[in-house]
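S.K.: Here is how the chains run, residue by residue.
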Amino acid sequence: MSGGGEQMTDELKIGGRDFQSRLLLGTGKLFSDALIPEIVTSSGAQIITVALRRIDFESETENILRHIPRDIQLMPNTSGARNADEAVRIARIARAAGCGNLIKIEVIADNKYLMPDGYETVRATEILAKEGFIVLPYVSPDLMVAKRLVDAGAAAVMPLGAPIGSNRGLKTKELIRILIDEIDLPIIVDAGLGKPSHACEAMEMGADACLVNTAIAGARDPVAMAGAFGKAVQAGREAYLAGPGTESLVAAASSPLTGFLHENSTGAGRSG
Amino acid sequence: MSGGGEQMTDELKIGGRDFQSRLLLGTGKLFSDALIPEIVTSSGAQIITVALRRIDFESETENILRHIPRDIQLMPNTSGARNADEAVRIARIARAAGCGNLIKIEVIADNKYLMPDGYETVRATEILAKEGFIVLPYVSPDLMVAKRLVDAGAAAVMPLGAPIGSNRGLKTKELIRILIDEIDLPIIVDAGLGKPSHACEAMEMGADACLVNTAIAGARDPVAMAGAFGKAVQAGREAYLAGPGTESLVAAASSPLTGFLHENSTGAGRSG
Amino acid sequence: MSGGGEQMTDELKIGGRDFQSRLLLGTGKLFSDALIPEIVTSSGAQIITVALRRIDFESETENILRHIPRDIQLMPNTSGARNADEAVRIARIARAAGCGNLIKIEVIADNKYLMPDGYETVRATEILAKEGFIVLPYVSPDLMVAKRLVDAGAAAVMPLGAPIGSNRGLKTKELIRILIDEIDLPIIVDAGLGKPSHACEAMEMGADACLVNTAIAGARDPVAMAGAFGKAVQAGREAYLAGPGTESLVAAASSPLTGFLHENSTGAGRSG
Amino acid sequence: MSGGGEQMTDELKIGGRDFQSRLLLGTGKLFSDALIPEIVTSSGAQIITVALRRIDFESETENILRHIPRDIQLMPNTSGARNADEAVRIARIARAAGCGNLIKIEVIADNKYLMPDGYETVRATEILAKEGFIVLPYVSPDLMVAKRLVDAGAAAVMPLGAPIGSNRGLKTKELIRILIDEIDLPIIVDAGLGKPSHACEAMEMGADACLVNTAIAGARDPVAMAGAFGKAVQAGREAYLAGPGTESLVAAASSPLTGFLHENSTGAGRSG
Amino acid sequence: MPVHLIVNGKAAQVTEPIRLSEFLAMRGLDPDSVVVEYNLAIIPKEDLGKTILKENDRLEILRFVGGG
Amino acid sequence: MPVHLIVNGKAAQVTEPIRLSEFLAMRGLDPDSVVVEYNLAIIPKEDLGKTILKENDRLEILRFVGGG
Amino acid sequence: MPVHLIVNGKAAQVTEPIRLSEFLAMRGLDPDSVVVEYNLAIIPKEDLGKTILKENDRLEILRFVGGG
Amino acid sequence: MPVHLIVNGKAAQVTEPIRLSEFLAMRGLDPDSVVVEYNLAIIPKEDLGKTILKENDRLEILRFVGGG
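Protein chains in written order, with this note's numbering: chain L, 1348 to 1619; chain H, 1348 to 1619; chain U, 1348 to 1619; chain F, 1348 to 1619; chain S, 122 to 189; chain W, 122 to 189; chain G, 122 to 189; chain B, 122 to 189.
Honestly, the hints are just simulated from the structure, not real lab data.
Only a predicted model underlies this, so the values are computations on that prediction, with no experimental measurement involved.
The beta-carbon is built from N, C-alpha and C at its ideal position, and this holds for glycine as well.
Any given hint could be a false lead.
As the list claims (entries may be wrong) - Have a look at the derived ranges for each label pair, beta carbon to beta carbon: (1) F:1448 x U:1459: 55 to 61 Å; (2) U:1419 x H:1595: 41 to 47 Å; (3) W:151 x L:1379: 17 to 23 Å.
As the list claims (entries may be wrong) - Coverage of chain L stretches by chain H, computed from C-beta distances (three or more under 8 Å per stretch; other residues unrestricted): (4) 1371 to 1379; (5) 1470 to 1482; (6) 1510 to 1516; (7) 1560 to 1568; (8) 1587 to 1593.
As the list claims (entries may be wrong) - SDA-like, lysine to any residue: derived pairs with alpha carbons at most 20 Å apart: (9) G:171 x G:128; (10) L:1520 x H:1597; (11) W:166 x L:1443; (12) S:131 x S:182; (13) F:1459 x U:1595; (14) G:166 x F:1436; (15) S:171 x U:1443; (16) L:1494 x U:1459; (17) H:1520 x U:1595; (18) S:131 x S:150; (19) L:1520 x F:1597; (20) F:1494 x H:1429; (21) B:131 x H:1404; (22) F:1494 x H:1456; (23) B:175 x B:159; (24) B:131 x H:1406; (25) H:1459 x L:1597; (26) S:131 x S:149; (27) F:1459 x U:1594; (28) F:1520 x L:1594; (29) F:1459 x U:1599; (30) U:1494 x L:1470; (31) L:1494 x F:1597; (32) F:1360 x F:1391; (33) U:1494 x L:1594; (34) H:1494 x F:1456; (35) G:166 x F:1443.
Whenever a hint applies, use it, and build me the whole structure from the sequences.
M.R.: Right, here's the structure in full:
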């Protein structure tokens, strides 16, 4: 939904803050949280999600926050919430814990495909936006839900590309395209992006940012994969701003159409 | 085709020379050849194709070579050739003109889709390889043609992703995948790549490089688009080396599967 | 969602009635309503949608109902409704007009992409199901909306494949697949199917039926196209029941792998 | 490649004979050859491929020909051949054995992907066409190879949709589309079609026929699957002749655009 | 005395209180092919002759058309 | 006299009314790395020493973890 | 005196020069269901009884099988 | 006496036998930016002054242009 303009000033604006990077990182499923600083560096990400969970008294686990560089914007999610009230409760705790007022709403009651509940998400967004949160709701790419999120005061809309953690790619392209066209908020594709080319494609279509977790955490080399996603998101954004050419069903010579040595040639093809 | 290894030493080897960049540029259809230095810089490309044409005495045109930076490897193509003999003749002229011994073979007798002629291309490759050329043949992604090119002494195989100049993307993925798997030469996807995500995807599959022309020359801002392709090719390469995770049909939570506040929760989902 | 079993008894059950055909027809945009009987015959359809509109006193138009064969099940839609209340009002008028109690709920407030409003659709379904209607709601393929429709008493769920009238095909495959897997009601793909192969694919995935309008009405020969859709839907259904084989990345010979004349051959390939 | 015309006379012409059915059957990998008559009946196929193999003296196997109904046109293939000469030898034996002069050329030297060798196939076609065979060569979808097959006297061109037996579908659509557009012989898509929707799509694009083996033989119920393919091929052919409507990126209402009850409505959408 | 009506959202009038069935006939409409909503209530075909139009009545006269 | 609590959804008890900060210390938890909800109210770090646990108090002791 | 043959690529022998039709019968093969190539020439069914096997003859005995 | 040539596939002529380098100069071409094929042999830049055009010579004067 963003316009074009000078690349110098092409920043992602979320809740009044400007971000140079358009790749948001999830931190789940990493084999070690100690990788986070390197992943942040290689990817260039400036916004990072974390989740809130009950302490497990039986197993000693570290606080993830100590691995997250100071200048990074935290975005706690409300994972674990099955309805609006639980999401609201988690959001409040996260803010009280000093994580700031950015919150990713995630309300899921389906255990197999982890599909978000649009209705409850709208409700939670409404309540939290009124309380001053910067609300980024994770939803199915449904235009009418997205319109209600605009009315509810969301700061962005985060449609899924495919089920969470599936790595299947931009399978909902058709519907995300509509959100990009119709919704006057940043559109951040979240969930399902499995490879840098998927994120690149989302950005080329005009998405404002991508959130990636599983594809990075599940790679053999997460730091390198994070770097690849960072570049791909940038590439897609730059391509969007550079105004791609059109597709054609037949060929169009890239070398001149006069023949090389043929008199009166109307052109023997040549490539590109 | 390529192995993995340290990124430090991840270079594309063509004819005994090492290249850091895996994006090759075509120079056709630019609205001004004066853009070339900027495009080279933004893309990071190190190999550039040019064509050879008869002088048109009626119109004053400049020599493209003066716009191509010194340290760039030229790769003349044989566009205009309709059979092996013409391709051989063009290659010899290009080398005699001081362009070095890298040559892109392009033999096309079809004017609508500009599809290359595999049989004549094999013949030309055989002759030119024997004469000491570093031969990069442009072909349809046909395994048996590629095997013959190996025998003929080609330095790489350059299968098309879609018809030249069509911007349609990696439409021949299924067949290129087979070349990558079976052919022990660099595979450079040439023709049809219309967006950075297409090039990124080719690299993720294990292609060794991409050649792009129309998608850059036809963009509103060719310099920015060249930069986007440069990043996308790098992203795809890094992703290939980083070892992507696997796809799954169902979801896989990226936040922990213990519920947030639910006793005995087997997991309310959460995203990424 | 349906099981398998003998084809003899493979019927689509909607609201207590059994249908042999799994293709539902829309009647909009036909250049003459007089084509309907032929279209019904060629397609084999047994359920047909109609809309309700104000009389236009300026132009003489016929009553479409006189063109619809007696034994066909009418399914009025609530097109024109922008919210649940309007949908309910239209449904009641349609029933009062003697069209029976089958109703397709369609609530749309978006004029560009005609995307349905899931929230209002659930509300209308709830009200009408209580009043004894057999309710078939047209929705975006959102799992949580579909679950609410089950609770609201819907007789089927009708997710869109692509925007209405776009002929773009089964673009929401990823999400429809989830509905088929998780929702214990007939899933009828409605909107966007542009070619018989799209409908065939939906059925192969396990959809219970397809509703087609624009692709037939917009064909050069609507009667022939209706026949094609009828066969394609049946083909897809039969394939689903016949249990397709699995995909493989490499080849698997369909002729025997012993060579023809090669001693000790481990197999020269052969096709299929 | 075919024109349109009256469906009454829409026949596939191969070697001077007219066929009503546009589905050709392969007979490999069936768990029992005794299924053939039922498969022929359910599919409506009129042309059937068989292979020629050395007798295995150790195991008693039946002659497949006794299962093939009298009125079916046999099309032996040259599977097992690794070059043109072997293909020619097999073709001659098959004809001498009384199987008629229809022959499917299949020359394969690659054991993993079973990709055909276009060069050797052209050679074999040339020789056999001169000897009076009706030659149907199985090839990669390469335009220049197809043009040479036309010159060599082929009766049809049979491009692969994906590797043999892979069930992956119409993966080479982009290249087959070009053959359909440019080659003035019947185009029969052979190999790789895994589901009826794949065959349907090939026919909608204008392919003249499809050859299917693995997808039927590997189904849980091959007889039912053969029926499904028969219908899908017919559906695709009829759709091609019926002239499909065009795709659009936005929606196009299928119910009238006057609102239901809204004064001055410019249209609240409605579906189809 | 004229009777003012809202018919399909637009102002209309008849010169005297007439029956709904008469109104339809005046407009050339076959009662079998239309659906009539009279002040938000649907009027069964057999009752069209029993209903007499009066000042400020709201009529919706509808018909089934093609739709998807 | 023992104090009965519900901690993270499970029954727990302490032998006498102690401060929240003491309870965390007993469990080996660094107050800087956890979030404590006490009877549905979030307790700021600086107040952990002011709150004294009493019978039937409900505690949620939470921590930030990786999530997407 | 034994006659040495190559049958389907493998060495074989018969004890005396016999007709091709007799050879097939010995192997239990119905002439109607096989194709016989004899020293690279295809032998029509009606000629199987006319051909007498001799030293170093090469036979290919083939059959139609399922294929795609 | 005029000399007839075929230059880039078209008939051309010069009034007398001149050097290739002179021919290029007459046409306004910089020898550094063109490639010259003379009767199917490529002429190195340094030899352009040594070659004298004669009746029926075939010249191809080429240049590098953008290509993909």
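S.K.: A separate judgement is required for each hint: does it hold in the structure or not?
M.R.: Hint by hint, here is what the structure shows:
1. Our hint of 55 to 61 Å for residue 1448 of chain F and residue 1459 of chain U holds, since their Cβ atoms are close to 59 Å apart.
2. At roughly 44 Å, the beta carbons of residue 1419 of chain U and residue 1595 of chain H sit within the given window of 41 to 47 Å.
3. A beta carbon spacing of about 20 Å between residue 151 of chain W and residue 1379 of chain L agrees with the range 17 to 23 Å that was offered as a hint.
4. With 3 residues having a Cβ less than 8 Å from any Cβ of chain H, the stretch 1371 to 1379 of chain L passes the three-residue criterion, so the hint holds.
5. Counting residues of the stretch 1470 to 1482 of chain L whose beta carbon lies closer than 8 Å to any beta carbon of chain H gives 0, which falls below the threshold of three, so the coverage claim is violated.
6. Proximity of the stretch 1510 to 1516 of chain L to chain H, defined as three or more residues with a beta carbon under 8 Å from a beta carbon of that chain, is established by the 6 residues found.
7. A count of 8 residues in the stretch 1560 to 1568 of chain L with a Cβ less than 8 Å from any Cβ of chain H is obtained; the coverage claim is therefore met, three being the minimum.
8. Counting residues of the stretch 1587 to 1593 of chain L whose CB falls under 8 Å from any CB of chain H gives 6; the rule of at least 3 is met.
9. Between residue 171 of chain G and residue 128 of chain G the CA atoms are separated by roughly 18 Å; this keeps the pair inside 20 Å, and the hint holds.
10. The suggested pairing of residue 1520 of chain L with residue 1597 of chain H holds, with an alpha-carbon distance near 18 Å, which does not exceed 20 Å.
11. Distance hint between residue 166 of chain W and residue 1443 of chain L is fulfilled; the C-alpha atoms sit about 10 Å from each other, no more than 20 Å.
12. Using a Cα cut-off of 20 Å, the hinted pair residue 131 of chain S and residue 182 of chain S holds, with the two alpha carbons roughly 12 Å apart.
13. Between residue 1459 of chain F and residue 1595 of chain U the alpha-carbon distance is near 12 Å, which keeps this suggested pair within the 20 Å criterion.
14. As the CA atoms of residue 166 of chain G and residue 1436 of chain F are separated by approximately 18 Å, the hinted pair is consistent with the 20 Å bound.
15. Taken as a hint, the residue 171 of chain S and residue 1443 of chain U pair is honoured in the structure, with Cα atoms around 17 Å apart against an allowance of 20 Å.
16. This hinted pair checks out: residue 1494 of chain L and residue 1459 of chain U have alpha carbons roughly 14 Å apart, not beyond 20 Å.
17. Pair hint residue 1520 of chain H plus residue 1595 of chain U holds up; C-alpha atoms about 15 Å apart against a cutoff of 20 Å.
18. A C-alpha spacing of about 18 Å is found between residue 131 of chain S and residue 150 of chain S, which places the hinted pair at or below 20 Å, so the restraint holds.
19. With a CA separation close to 14 Å, the supplied pair residue 1520 of chain L and residue 1597 of chain F stays within the 20 Å bound.
20. For the given pair, residue 1494 of chain F sits about 14 Å from residue 1429 of chain H by alpha-carbon distance, which is consistent with the 20 Å threshold.
21. A threshold of 20 Å between alpha carbons decides the hint, and for residue 131 of chain B with residue 1404 of chain H the separation of about 11 Å falls inside it, so the pair holds.
22. For a cut-off of 20 Å, the pair hint linking residue 1494 of chain F to residue 1456 of chain H stands: about 11 Å separates their Cα positions.
23. A distance of roughly 11 Å separates the Cα atoms of residue 175 of chain B and residue 159 of chain B; the hinted pair therefore holds under the 20 Å criterion.
24. For a cut-off of 20 Å, the pair hint linking residue 131 of chain B to residue 1406 of chain H stands: about 16 Å separates their Cα positions.
25. For the proposed pair residue 1459 of chain H and residue 1597 of chain L, the alpha carbon gap of about 6 Å is at most 20 Å, so the pair holds.
26. Of the supplied pair hints, the one linking residue 131 of chain S and residue 149 of chain S holds, its CA atoms being roughly 18 Å apart against a limit of 20 Å.
27. Pair hint residue 1459 of chain F plus residue 1594 of chain U holds up; C-alpha atoms about 15 Å apart against a cutoff of 20 Å.
28. With a C-alpha separation of about 16 Å, the suggested pairing of residue 1520 of chain F with residue 1594 of chain L holds against the 20 Å cut-off.
29. Pair hint residue 1459 of chain F plus residue 1599 of chain U holds up; C-alpha atoms about 8 Å apart against a cutoff of 20 Å.
30. Between residue 1494 of chain U and residue 1470 of chain L the CA atoms are separated by roughly 18 Å; this keeps the pair inside 20 Å, and the hint holds.
31. A hinted pair counts as satisfied when its Cα atoms are at most 20 Å apart, and residue 1494 of chain L with residue 1597 of chain F qualifies at roughly 18 Å.
32. With a C-alpha separation of about 16 Å, the suggested pair residue 1360 of chain F and residue 1391 of chain F falls inside the 20 Å cut-off, and the hint holds.
33. The hinted pair formed by residue 1494 of chain U and residue 1594 of chain L fails the criterion: a straight-line CA distance of about 40 Å is larger than 20 Å.
34. For the suggested pair residue 1494 of chain H and residue 1456 of chain F, the alpha carbons sit about 11 Å apart, so the restraint of at most 20 Å is met.
35. Restraint check for residue 166 of chain G and residue 1443 of chain F: the C-alpha separation of about 10 Å stays at or below 20 Å, so the hint holds.
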